[in-house]
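Our numbering applies: residue 1 is where the sequence shown begins, and numbers increase by one.
If you're looking for bench data, these hints aren't it; they were derived computationally from the structure. Among the hints, erroneous ones may be present.
Said to hold, decoys possible - Derived lysine to aspartate or glutamate pairs resembling EDC-like cross-links, with alpha carbons at most 16 Å apart:
{"#": "1", "residue 1": "LYS707", "residue 2": "GLU869"}
{"#": "2", "residue 1": "LYS451", "residue 2": "GLU478"}
{"#": "3", "residue 1": "LYS729", "residue 2": "ASP705"}
{"#": "4", "residue 1": "LYS451", "residue 2": "GLU474"}
{"#": "5", "residue 1": "LYS485", "residue 2": "ASP542"}
{"#": "6", "residue 1": "LYS729", "residue 2": "GLU764"}
{"#": "7", "residue 1": "LYS485", "residue 2": "ASP584"}
{"#": "8", "residue 1": "LYS485", "residue 2": "GLU459"}
{"#": "9", "residue 1": "LYS729", "residue 2": "ASP701"}
{"#": "10", "residue 1": "LYS890", "residue 2": "ASP816"}
{"#": "11", "residue 1": "LYS707", "residue 2": "ASP741"}
{"#": "12", "residue 1": "LYS707", "residue 2": "ASP900"}
{"#": "13", "residue 1": "LYS60", "residue 2": "ASP39"}
{"#": "14", "residue 1": "LYS729", "residue 2": "GLU769"}
{"#": "15", "residue 1": "LYS939", "residue 2": "GLU950"}
{"#": "16", "residue 1": "LYS360", "residue 2": "GLU141"}
{"#": "17", "residue 1": "LYS707", "residue 2": "ASP870"}
{"#": "18", "residue 1": "LYS707", "residue 2": "ASP867"}
{"#": "19", "residue 1": "LYS451", "residue 2": "ASP439"}
{"#": "20", "residue 1": "LYS451", "residue 2": "ASP438"}
{"#": "21", "residue 1": "LYS360", "residue 2": "ASP150"}
{"#": "22", "residue 1": "LYS60", "residue 2": "ASP110"}
{"#": "23", "residue 1": "LYS890", "residue 2": "GLU820"}
This structure is a prediction, so every number in the text was calculated from the model and none was measured.
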Amino acid sequence: MSLRLPGPGVEELAEAARAVREESAERLVPRRLSAVRVDVEARAEEAGPGDAASAVVAIKVEGADACDWTWEGASAFGLVEGLAGVRERLMRDPPPEDWVRWRGEVLEVDEANAVVFVALRDPAQVPGRGAFWVSPFDHQEAMDLVYTADAYAAVRERLGPRLRASRGGIHPRVPEPEEAVRSGALSELSGWWGRGWSVLWGPPGTGKTHTTGLQVAAALRDPSERVLVLSTTNRATDEVALSIGGALIEEAVAARSGATEEIDLAGAVAGVCRPGRGARRTDFERAGLASMLRGADEATAAEIEALQEAIASEREAAERARSRLRISRLAARPGGGDVFLDPCVRAVVATSAAGSAQLKRERVREMIEDDDAPFTTVVIDEAGLLSRASVAALSLLAARRVVLVGDPRQLSPIATRARLLPTREQRWLRSSALSHLDDPADAPRGVHVLKEQRRMHPEVCRVVSGYRYGGFLETAPETAARASKLPSPLAEHGRVVWWVLDAEDVPLARMRAERGPGGRSWVRPVTMDLLGRLIDGCGLHDKHGLFVSPYRAQADAVSAWLRVRGSTSWSASTVHRQQGSQADVVVFDTVHAGSAGFPAEEWRRLVNVALSRAREAVVVLASRDEMAQPYLAALRQTLTASRLRPGDPPLWEAVEADRVSESRAAYAVDDAAHADTLGGQIARRRASSPVLSAEQQRLVDLPLDGKPRLVRGVAGSGKSLVLCHWLVKTVLRFGREGWPDAGSQVWAVFANRALEPMLRSGVEQAWFERARADGGLFGQEAFPWERTQLLHVRDVLRDLLPGGSGRLGKDDFEHDAAAEWLLARNGGVDGDAASGLPRCEALFIDEAQDMSPATLRLLLAMVRATDPEDAGRRAAHVFYDNAQNVYDRKPPVWSHLGLDVRGRSTVMTESFRGTRPVAELAINVRERLADAAGRTDLKEFVRRRLVVLEEREGERWIGVRFNDREGPPPRLRTLATRTLELAAVAKHLRWLLVDERVPAADVVLLYNGAAVSAEAEALLGPAMRAIGIELSRQTGRGFERRENTLLLTTAQSFKGHEAEVVVILGLDGFVARSRGPLADSLYVAMTRARSVLMMYGLEEATGAAGRVIDTVRACCEAMNQPRPSDGSRSRLRHAGGKSPRPTPAAGGDLDQGPNMSLAIRKSDR
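Put together the whole structure using the sequences plus the hints.
Laid out in structure tokens, this is it:
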């Protein structure tokens, strides 16, 4: 058994095994749910002959957003009452049978109504109300065994070289195949087939499946060959099986040239098998290849196929659940035989899941250990969808050669929404064995690239080829000459259309993305209206149409809409489910381009797959802002920018496409070898920039009528962004209507000097965007700053005080006494008493929670009333978040300040800054510390369903719903002394900045207290200089950042800002002598992190400082407990019995450096 791969790959194996082991630990954690109602949907007596008794129950789950469709196929169970240590036990192992009260399989999940349909194993044991658990099917169990189980130690000795080969550049020669094989294969591939590790790169429509069929059929001429062909889905597996069968029949026909007898189709494909009950039998029967199928009799296969089709069209979740139960029963019936080890079967064509299952068999393991793999050749189709670790494991089934078939420019291994991944996970679990391929025109030896496509109309091909293949992809002559029946509205206007959404007479907010059902995924509300106009107006009712989007909620919404319309020739799906498919007309809806859900390179893959599904025409739905994203901007020159003008019939008309900003600079990674590092991942994600959500757009579009508004919101929701847009709108309104006098101004007031540059930049960006949207610059290019002032509140008060700042405290935040004195001096500023104060025409107060009620009242009195008869009618707009009340100001009663915001108050409910783990830790730490201080404002969050209340470790836990982006869990590390703490920080920073290539500008160090900062400068400064980094402490002003500058600042100064990596120093220092723990300051510090949060402090801290450390530690530990409504995983069973996995740490080790353990460190004494 030799692929002649260079070895041994020890480092690769160790790193990949660690990545698999850590991911396995996360998959071990089940999900805890709460049943509020249970209904029996199908009873045991409904089971068919020979079927096991079962019953289907519908479990209504507490929490509108508690369900996840990925649970389908999972195991659900309820436990007997009164058990101790449940969470800890379930973290390690499945529950013992004597713990289980009922058990069943999840058949269907109705996310919209929060209902889980379960087929009970024992119909007599019906669930009741209360807690139950879900453990999804472990689709990675085989890989876990291969990489981590003791029983597979000998197998792993063969893994290292295969892992090295999966990273590219290794294509060793193996003995040439027999002449009969070479003559039967494509001539240009004869040498390629003689490689131990080779690649067939097939861009869209180039016929890689057809080519694979020809090659496998030719290989079978060698009697020593035994071939395993694997693909990722049943549909793709069927296609490659039919291709092989067709090639074998063509060979049989050619061999009998001139003969009159009918070809024996079954004989032609004898020894070639497509096992599994997921095959579409009708397709094989139509091709005369039904003899290839193994796994079910004809009647059973036909019933399974009919049920699968019914599921696709069934509108009721309960009916889909009953159909899935029937499929499960049919699939459980015996049949098929052991084709994988049957020497009479020369070729097996199966799904990659079925191939992985072979690795769990003891006999197969023994064969690999004896260098006697069950197949000579393994062909992996759609290899770009499988991780390097998976490909290496599957390659163990091959004795001579591994052939990878796919396209690195199409979909990659299942994308994660985690903002950053550990380098080893990115390298081995989220990159494919094709990821290294770059230029199709300059492919290395051992890689053959198909150039001619036969799917797309030449106009569509030109766009796809230029977008992702550098013009390499060409259209075959017969395809260029293909007759088209595309209706004239599209055929005459252009076959590749960008429907410019903001050219339509529809409010922008309807074109922006908003949250889908249960707060998951994204939808664009206007899409169904536009799709109806397109299908009806362009005569596309009878065309094979496909709607695709990256977001499942949008695909589901359109699918339901199509069912209601009765549009049987159209379907809707996510892009991820359509690789390999095609349709006459494709509509691609970007929905939320600019979101952080996918990195830029993944967006490029999604766009490429979406466009290349089209045979005749493609329509892209996107706004100009979305098309400005770097992964879409390249299409602006090749798509026809248009709108569909209403009429009978409607007509396409060209619209201006150039009102988008210049494409942002493409991301760059200095060295492709470091693309998997944290720095490389950050660089790729930076390529995209946010587009306003529907919530933000609705706020931006609100009319400013001279009356006050109050905006509150969670951290990172975009409050300051809305402020900047409103300020620009106000200045524009006065510019159009006329300013009251020559000196009239608009003010924006804040309490953090570091906000000024950010607000200035935000105002100018909003000005530019408004100008772009209006098609001009209002007669001037620069924002009129002479009419606007950005003012620190202290400066406003100092100018009002007689003799300057004598009554102000020494610090910027010490201004309450001055405000109260000014109020008293001006008679409380009621009525005419405030006539001596300076005035502005409109006032915007950012971070108003940093100002006392007295200060706010004074500022509001300085706004000129817009109605002389109504003193409360003032353009005063306040932006407020009490969770960031770092100075512990008393929350104001707005009516006491003369501000009537009834019906004019908004809460922004979606955070776009960080990740769910960071937000969840921050809010739990804050609320626990705030509870200890006797104050909390959690009730409104619960009422608005921004959070849900759970229980972990016997304490209340707050589950976050305003942020669904996953990322590395935050980490806490405590040490014996400050010197040891800062030494650990220095080591950590060297790892981040040097090994992981994270730019210094993406890291910030936050602290509280002068003593911590002084020690940090003394100890960290020299350590950073040694690696070419300048440590710069900056507070109370706008930040000056250079490429090699590492910022050290306070949480208060950094409020309103963010960084990819936040390191909190001296966690125990977040206390005040008179106030105890600084809960809000710590909340602010934590929520500055976009991706990674690491905290350091003293182990032996006592008093209030000890309470901070203990609280953060307890919350970090609780975050690794089973999560009631998301996160979840299945059981891992190792060969030879159960093998408990280690409990995952309070945050993985993404952010700790290479030598730090997974456990929370208490001491480094």
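Now for the hints, and whether the structure bears them out:
The straight-line distance between the Cα atoms of LYS707 and GLU869 is roughly 13 Å, inside the 16 Å bound, and the hint therefore holds. The straight-line distance between the Cα atoms of LYS451 and GLU478 is roughly 14 Å, inside the 16 Å bound, and the hint therefore holds. Between the alpha carbons of LYS729 and ASP705 the distance comes to roughly 11 Å, so the proposed pair stays at or under 16 Å and holds. Straight-line distance between C-alpha atoms of LYS451 and GLU474 comes to about 6 Å, which keeps the hinted pair within the 16 Å bound.
For a cut-off of 16 Å, the pair hint linking LYS485 to ASP542 stands: about 11 Å separates their Cα positions. With a CA separation close to 12 Å, the supplied pair LYS729 and GLU764 stays within the 16 Å bound. Proposed proximity of LYS485 and ASP584 is supported: the alpha carbons are some 10 Å apart, at most 16 Å. Note on LYS485 and GLU459: the hinted pairing holds, with a Cα-Cα distance of about 15 Å set against a maximum of 16 Å.
A hinted pair counts as satisfied when its Cα atoms are at most 16 Å apart, and LYS729 with ASP701 qualifies at roughly 9 Å. Taking the CA atoms of LYS890 and ASP816, the gap is near 11 Å; set against the 16 Å cutoff, the hint holds. Restraint check for LYS707 and ASP741: the C-alpha separation of about 20 Å exceeds 16 Å, so the hint is violated. Distance restraint check for LYS707 and ASP900: the Cα-Cα separation of roughly 9 Å lies within the 16 Å cut-off, and the hinted pair is therefore satisfied.
Only pairs whose Cα atoms come within 16 Å are accepted, and LYS60 paired with ASP39 is accepted, the gap being roughly 8 Å. For the hint linking LYS729 to GLU769, the alpha-carbon distance of about 11 Å falls within 16 Å, and the restraint holds. Of the supplied pair hints, the one linking LYS939 and GLU950 holds, its CA atoms being roughly 14 Å apart against a limit of 16 Å. For the suggested pair LYS360 and GLU141, the alpha carbons sit about 8 Å apart, so the restraint of at most 16 Å is met.
Of the pairs offered as hints, the one joining LYS707 and ASP870 holds, with about 10 Å between alpha carbons and a cut-off of 16 Å not exceeded. Using a Cα cut-off of 16 Å, the hinted pair LYS707 and ASP867 holds, with the two alpha carbons roughly 10 Å apart. With a CA separation close to 12 Å, the supplied pair LYS451 and ASP439 stays within the 16 Å bound. For the hint pairing LYS451 with ASP438, the CA-to-CA distance comes to about 15 Å; that is within 16 Å, so the pair holds.
Restraint check for LYS360 and ASP150: satisfied, since their Cα atoms lie roughly 13 Å apart, inside the 16 Å limit. Between LYS60 and ASP110 the alpha-carbon distance is near 9 Å, which keeps this suggested pair within the 16 Å criterion. Taking the CA atoms of LYS890 and GLU820, the gap is about 14 Å. The hint holds against a cut of 16 Å.
Checked against the numbered hints given earlier, this structure breaks only hint 11.
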